[in-house]
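Colleague: Given next are the chains, with one letter for each unit.
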Amino acid sequence: GQNIDQPTEMTATEGAIVQINCTYQTSGFNGLFWYQQHAGEAPTFLSYNVLDGLEEKGRFSSFLSRSKGYSYLLLKELQMKDSASYLCAVMGDYKLSFGAGTTVTVRA
Amino acid sequence: EAGVAQSPRYKIIEKRQSVAFWCNPISGHATLYWYQQILGQGPKLLIQFQNNGVVDDSQLPKDRFSAERLKGVDSTLKIQPAKLEDSAVYLCASSLGVGSNYGYTFGSGTRLTVV
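Going line by line, the protein sequences match chains A and B. Quick note: the first sequence uses this note's numbering, first residue 1115, plus one each step. Quick note: the second sequence uses this note's numbering, first residue 134, plus one each step.
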C-alpha cells in the first residue's frame, strides 16, 4: 500500500507563492498526481510527474524526486479562487491513492 | 465531452437503511472507480472496474457494500445496511484505461449523511 503525508493547512496572501510538500512511500511507483478540490466539488487534475524534475504549467508547477519519495506543488501569483484543498495522489502498482489533502486559504 | 454523471447529489438516511448511488462514466472510458471521501480525508478507493469486471475490491466492506457495472457502462454502488460511519462523499471516476498514462475524471459525488 501507500503512505502519503502532506500538511493539513496553509495560509498565504493574494499574489504570493505557496509550496505544498508531499512525501510518500509506495511499491511499484507509476506516477504522482496533484488534484485541486474546491469545497463540495469533485477533484480536478492539476499535474502529473513520473520522472524526476519540475513540470511547469502556468501558475502551477510540480516537482518530483523519486529517490526521496518527495514531491511539491508550487502555486505562484496566488488568487482568491486558489483557495481549495490540494490532494497529493500516488499511483503504485496501478492503484491511485490519495493523501488527506492540504487546505490552502488565500487572504486578501 | 460530457463529464462523469452521478446521482443523487445528496442523500440522508437513517442507520440500518439501504441506499444506492448511480454513476455514468465518460463515454468510451473502460475503467470506473468508486471512492469514499470522509470529511477531512482524501478519497479512498472502494472498487475498480475494467469494463464489467472487478479489478480491485480489496477495500470494499463486502458485508454491507456491493457494486456492479452491468454492460460495462453505468455502475451502481449499494450500502445495506448503512452505519453512521458511512457518512461521506462517494465519488465516481473514470479513465480510458488502467495506468498512470490515463487521467482520472471525477464526478461531483454523492454526499451521504447517515443519522
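The set of hints was computed from the structure by calculation and includes no laboratory data. Note that beta-carbon positions come from the ideal geometry of N, C-alpha and C, so glycine has one too. Be aware that one or more of the hints could be misleading.
Under the rule of at most 30 Å between Cα atoms (straight-line distance), these lysine-lysine pairs were calculated in the DSS-like manner [to be verified]: (1) B:Lys195 <-> A:Lys1195; (2) B:Lys195 <-> A:Lys1209; (3) B:Lys195 <-> A:Lys1171; (4) B:Lys216 <-> A:Lys1171; (5) B:Lys177 <-> A:Lys1182; (6) B:Lys177 <-> A:Lys1209; (7) A:Lys1182 <-> B:Lys195; (8) B:Lys216 <-> A:Lys1190.
Using C-beta positions, here's what the derived DEER-type ranges look like [what the hints assert, rightly or not]: (9) B:Trp155 <-> A:Gly1154: 15 to 21 Å; (10) B:Ser160 <-> A:Phe1159: 36 to 42 Å; (11) A:Ser1179 <-> B:Val248: 43 to 49 Å; (12) B:Tyr235 <-> A:Gln1133: 24 to 30 Å; (13) A:Ser1181 <-> B:Leu217: 41 to 47 Å.
Colleague: Against each hint, give a clear statement of whether it holds in the structure.
Modeller: These are the hints, each one checked on the structure:
1. B:Lys195 <-> A:Lys1195: violated, 40 Å
2. B:Lys195 <-> A:Lys1209: holds, 19 Å
3. B:Lys195 <-> A:Lys1171: With a Cα-Cα distance of about 41 Å, the restraint between Lys195 of chain B and Lys1171 of chain A is violated, given a limit of 30 Å.
4. B:Lys216 <-> A:Lys1171: violated, 43 Å
5. B:Lys177 <-> A:Lys1182: With a Cα-Cα distance of about 24 Å, the restraint between Lys177 of chain B and Lys1182 of chain A holds, given a limit of 30 Å.
6. B:Lys177 <-> A:Lys1209: Between Lys177 of chain B and Lys1209 of chain A the Cα gap is close to 11 Å, so the pair holds against 30 Å.
7. A:Lys1182 <-> B:Lys195: Judged against 30 Å, a Cα distance of about 36 Å means the pair is violated.
8. B:Lys216 <-> A:Lys1190: The given pair, whose Cα atoms are some 43 Å apart, is violated under the 30 Å limit.
9. B:Trp155 <-> A:Gly1154: 15 to 21 Å: holds, 19 Å
10. B:Ser160 <-> A:Phe1159: 36 to 42 Å: violated, 19 Å
11. A:Ser1179 <-> B:Val248: 43 to 49 Å: holds, 46 Å
12. B:Tyr235 <-> A:Gln1133: 24 to 30 Å: Holds, since Tyr235 of chain B and Gln1133 of chain A (Cβ atoms, about 28 Å apart) stay within the stated range.
13. A:Ser1181 <-> B:Leu217: 41 to 47 Å: The hint (41 to 47 Å, Cβ to Cβ) holds, given that Ser1181 of chain A and Leu217 of chain B are roughly 43 Å apart.
Comparing the model with each earlier hint shows violations of hints 1, 3, 4, 7, 8 and 10; every other hint is respected.
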